[in-house]
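So the chains spell out like this:
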Amino acid sequence: MSSRTSLTLPILAGLWILIVAGLAILQPSAMALSTVTTVLQFSTLLALVSLGQAMVILGGGAGIDLSVGGTVSLVAIIAMLLDTAGVPSFLLPVVCLVAGTLLGLVNGILVTRLRLLPLIATLGTFYVYSGTALAITGGSAIGGAPAYLLPWGRGTLAGFPLPFVTLVLPLFVLAVLLLRYTAWGRWIYAFGFNERSARLVGIPVDRARFIAYGFSGLMAGLAALVSLAWLGSARPNIGQNLELTSLTAVMLGGVAIFGGRGGLVGVLAAVLLLVTLQTGLLQLNVNTIWQVGIIGALLILVLLVDNIRMIRRTA
Amino acid sequence: MLKTRTLLLAVAAALAASTTFAAAQDKARVAFVPQIVGIPYFDAMQQGGEQAAKKLGVEFVYQGPVDTNPVDQLQIVQNLINQGVEAISVSVLDASSLAPVVEAAKAKDIKLFTSDSDAPDSGRALYVAQASDQGLGYTIIDEMVKRAGEDAKIGIVSGEATASNLNAWIGYMQERVKEKYPNVTLLDPQFAGGSAERAAQIAGDMMASNPDLKGIIAVASTTCPGVAQAIETAGKIGAVVGTGYCSPNTARAYLKSGAFGYSVLWDPSELGYLTVWAGKQLIDGKTIPAETTPEGMSHPVTYDDKTGILLLGDPAVFTADNVDDFNF
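Residue numbers (the UniProt record's numbering), protein chains in the order written: chain A, 1 to 315; chain B, 1 to 328.
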């Protein structure tokens, strides 16, 4: 599995350099610190959600979390509703974490206890979560996020957005360590790769998988918190499309859709690549409809290169 | 490893070279960010904007999201600010969505304003309004009552539940009914998102569950075809009056078939024209008079200095009789 990761990273890095070089030549004015800030700012939500998504997919058993976008929306709404209802503002981050984790654990129960296929279970909760967020707000945003959050959500440190520096980077480091050095992390790879043998050697597959879904919910809750601190309001559709873009990032980052193989560094690299590409195309004023197509083509291309290499190796 | 290093060197070289021929912009740029690209309404605004740009000697940048997603829209606006585009207009998807970038725009002395859909408390320079929200809400109800009667039951099918302009119109419809037509029943609005099929489904269900329904209002331009088709397929032409805020080209077939009694709108290409004109005034630092006829337009527009609203004019009502006089 490490040989796979080590090829994904150079491909992504190469593509990234290609994009930056292309942008430097075609639109020199884009080579500014503000572009770096923009890329990282718009990477933050996606990076957090993708981290959770990656954990769920790595855990195999056809694991997937389609509810992440709905979770982000619903957590943001719940947190702001409680805040306006008089719950002390300093508790808002806690509310986000708890609500996100609980919504994620619902997926965990559906998948590990009630034995629903993850695709179906999380598609269902996706509709329930995003629908509920829209229904309780009637579609409008709830303004008035606590003022103490905004300097963090909008602030930068030497051009780097604070949420990225203080949340995304530490969490990815932590998650990499978690996967590498804890029993739970090794189990994820083990049963992601071969569930039957994992069960035979006595790994508590269901419990570990249950935690993985909770972790994905927790990450979505954090993303909701960042959105509140950044935008200053809760939007019932803030998480729209995050389920598909996070899947794209995880696949692009070299995580196998059937689980058990791939790494988190690749996922972070893929997130940065995707957002850099978007930003670059926007700076060049390329029609946004083309952008969607280009990202799709990129995904197919990278997976194809990877596949060809695998076929060659086995041949 | 060696390869990576050469690539890095190439990038460094490209960076160094780039600073020497930094692009010199000779024309001021005015950007417009729609709510979504690829629909006829915003295409018409784009055309109008391009005409104005040609006439007024500015460059027009048109860039918008493929989904009605506020974060995607914010990202586009942020990138236009980074590019230093002199004036940026936005058809706001969500009233609070401009907040994080307003300061960034001010710091770069960029004129950020709204058009088509507003964010009133965001600190935007001005708002180019298609017709007053009140005028649109009241007109569609008045015309409906004329056709369906003073005791009609009327349904509403809207688009995105988060779109602030659509919600404002619905608010004025409800206000008008409450104040002027106490016997009219206005059903709660249903939201179809951006899809015509969903709108058709909702309209169909609405007619089935309310046999005494006399009229259906399609609020978003994307919901018009769905509502009209639902009335046609239910065989309710004549029994249910359809209408909506949709362009003559969208409504033409339905106005002629009778599924739609009328349609209320303004000319989006004129709105696009006025948007670019307003951007030019902001860049030039000119104050806009209370009433003026912009260069290249056929009728005067009004400007309210207090609210910062630049109004295109009264809404137009299109019927089977006059629809062929328009092409947008």
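Calculated directly from the structure, the hints in this document are not laboratory data.
Each hint should be verified, as a subset may be incorrect.
With beta-carbon atoms standing in for the labels, derived distance ranges [unchecked claim]: (1) A:Leu26 - B:Asp314: 53 to 59 Å; (2) A:Thr84 - B:Thr185: 30 to 36 Å; (3) B:Ala107 - A:Leu26: 49 to 55 Å.
Facing chain B, a subset of chain A residues (Cβ under 7 Å, in silico) [what the hints assert, rightly or not]: (4) Thr35; (5) Ala85; (6) Gly232.
Just so we're clear, the structure is a prediction, and the values are computed from it rather than from any experiment.
Glycine included, every Cβ here is placed at the ideal spot set by N, Cα and C.
Hint by hint, which ones does the structure fall short of?
Of the numbered hints, 1, 3, 5 do not hold.
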